[in-house]
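Protein chains in written order, with this note's numbering: chain G, 587 to 809; chain S, 14 to 227.
There's no promise every hint is true.
[As the list claims (entries may be wrong)] Below, a sample of chain S positions facing chain G; criterion: calculated Cβ distance under 8 Å:
id	residue
1	F25
2	P26
3	S147
4	L149
[To be verified] Cβ pair distances, simulated, as ranges:
id	chain 1	residue 1	chain 2	residue 2	range
5	G	V679	S	N138	25 to 35 Å
6	S	K35	G	E708	28 to 38 Å
7	S	E124	G	T707	47 to 57 Å
8	G	L591	S	I80	25 to 35 Å
9	G	A739	S	D55	55 to 65 Å
10	G	F596	S	R125	51 to 61 Å
11	G	S634	S	S88	31 to 41 Å
[Claimed, not checked] Below, a list of computed lysine to aspartate or glutamate pairs in the EDC-like style, where the Cα atoms sit at most 16 Å apart:
id	chain 1	residue 1	chain 2	residue 2
12	G	K588	S	D209
13	G	K598	S	E146
14	G	K784	G	D702
Derived by calculation from the structure, the hints in this document are not laboratory data. Just so we're clear, the structure is a prediction, and the values are computed from it rather than from any experiment. Even glycine gets a Cβ: it sits at the ideal position worked out from N, Cα and C.
What follows is the residue order along each chain.
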Amino acid sequence: MKAELPEGPFTKADFNLFPTLVQVHCFDNHPANADIVNLIENYKETSSWPKDIGRGKTSSMHYDPVGKVHRTTNCLNLPEFEKLKRDIENRLVDYTRTVGIAEVELTKSWFNIQEDEGHVTEHRHDLSIVSGAYYPYVEEGSAPIVFRNPNLAPKMAEVPEMVTEFTADGMEFHPRSGMLVLFPSWLYHRTYFNKTKKRLTVSFNTRHNEVCYHDLENPHQFK
Amino acid sequence: MRPPKPRNFDAFPTLISQFDLKGHDCEQTVIDMMEDWVETSDHALVHGGQSSYITGDEMFLNDKRLINLWKTIQSCCDTYTEETGIDYTLISTSWFNRLEKYGSVDTHRHERSVISGAYYPKCDNESAPLKFESPLQSYAMNMNFIKQTRFSTYTEVFVPADGLLILFPSWLKHSVPPNQSNNRYTLSFNTIRHADKGYVQTLKDYRMERPSEG
């Protein structure tokens, strides 16, 4: 891409290059929320996160005693989540278009229940394209999701004097009931220790739904 | 009913600042010096041009004829550090490159420097741009890009103009593609943390010290 200088005389122009898109949507009073919260709170097939991953209950990796394997319930495929799933799919279209990547479809989805001291250690979602966190219900003051600055590695020669968008180690997004956060799956993130009694999250991954090599232009060759 | 618009957060950007120094009182002097400079060489990264970068310790900008330019650029560096929130810096090494037609500079970064800069006292309309590479490229192995946006681009180019100063973090990889003009003069420089000034005895802060004779 070409950085355009301001029209006419100027003394200084700033360009914020190579940002990472984190997109926040609000589904205030989503009609499915009550059913979703009810389902999550009464769901039987949950397990506790291993200590090295965090603390809380999850529908990811629950143990199936019949098949004797760990399974993940794709919670967005449950009937109670149908309307929410459609809404998330529509927002994913917005995200992919804004970023400039091919459309994606939902793959794995799961929910997490965090109570007091619940947390998730830093991780990323390998193999996925865009990931998301939807909060059907969180008590006020629940722990934020925190994204780690992907540019920290080469900054060994500089010392931050003040926290700005350029120096911040991370960026916190404090959840509200009905909030959806979309982000690239490669972006490392975690949650701080939760200090409320209830913080419910529906998380999901995606993949590209088709790859059309025949008409694919290489966007990085554009002038 | 259309859903409410999302809130987009452009997280973790990298700041590039441009300053227009055209008409600076040192402009012609710096051009004359670049044209008369004897000690130039072929630099490993520079193809089809001359560079005063020989040992890596050059301090071209510290020549007493360029002190006002040093002060101006140092002031721009201070503005940059204040805006980004990093510690103050001090201009350290500096050198110039003169690219001929089809001359280019390989991709590189400026290690052991904090912020770096390129000042163009003389160039043409066809002069090659300065091309920065996205530090996010390595993360995008799964992405199928179909449109170039500010989030998906791997490169961003800045076209030089007479008197233009570009400041960028030294860790950001950059290059110059083959030049299409006959004149593309660049004064490049590095900086160190101002707090580390005491470790490098040859460094001067000309806002507080007079240039030495010679």
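Hint check results:
Taking 8 Å as the C-beta contact cut-off toward chain G, the hint placing F25/S at the interface holds, the least distance being around 5 Å. For the restraint placing P26/S at the interface with chain G, the shortest Cβ-Cβ distance is roughly 4 Å, inside the 8 Å limit, so the hint holds. Using the Cβ-Cβ criterion of 8 Å, the hint placing S147/S at the interface with chain G is satisfied: the shortest such distance is roughly 4 Å. With its C-beta approaching chain G no nearer than about 6 Å, L149/S sits inside the 8 Å limit, and its interface hint holds.
At about 41 Å, the beta-carbon gap between V679/G and N138/S misses the expected band of 25 to 35 Å. Hint check: K35/S to E708/G, Cβ distance near 47 Å, so the stated range 28 to 38 Å is violated. At roughly 32 Å, the beta-carbon separation of E124/S and T707/G lies outside the given 47 to 57 Å, and the hint is violated. Our hint of 25 to 35 Å for L591/G and I80/S holds, since their Cβ atoms are close to 28 Å apart.
Distance hint check for A739/G and D55/S: the Cβ-Cβ separation is about 32 Å, which falls outside the suggested range of 55 to 65 Å. As the Cβ distance of F596/G to R125/S is approximately 32 Å, the hint placing it in 51 to 61 Å is violated. Look at S634/G against S88/S: about 57 Å separates their beta carbons, and that is not inside 31 to 41 Å. For the hint pairing K588/G with D209/S, the CA-to-CA distance comes to about 36 Å; that exceeds 16 Å, so the pair is violated.
Pair hint K598/G plus E146/S does not hold up; C-alpha atoms about 22 Å apart against a cutoff of 16 Å. Distance hint between K784/G and D702/G is fulfilled; the C-alpha atoms sit about 7 Å from each other, no more than 16 Å.
Checked against the numbered hints given earlier, this structure breaks hints 5, 6, 7, 9, 10, 11, 12, 13; the rest are met.
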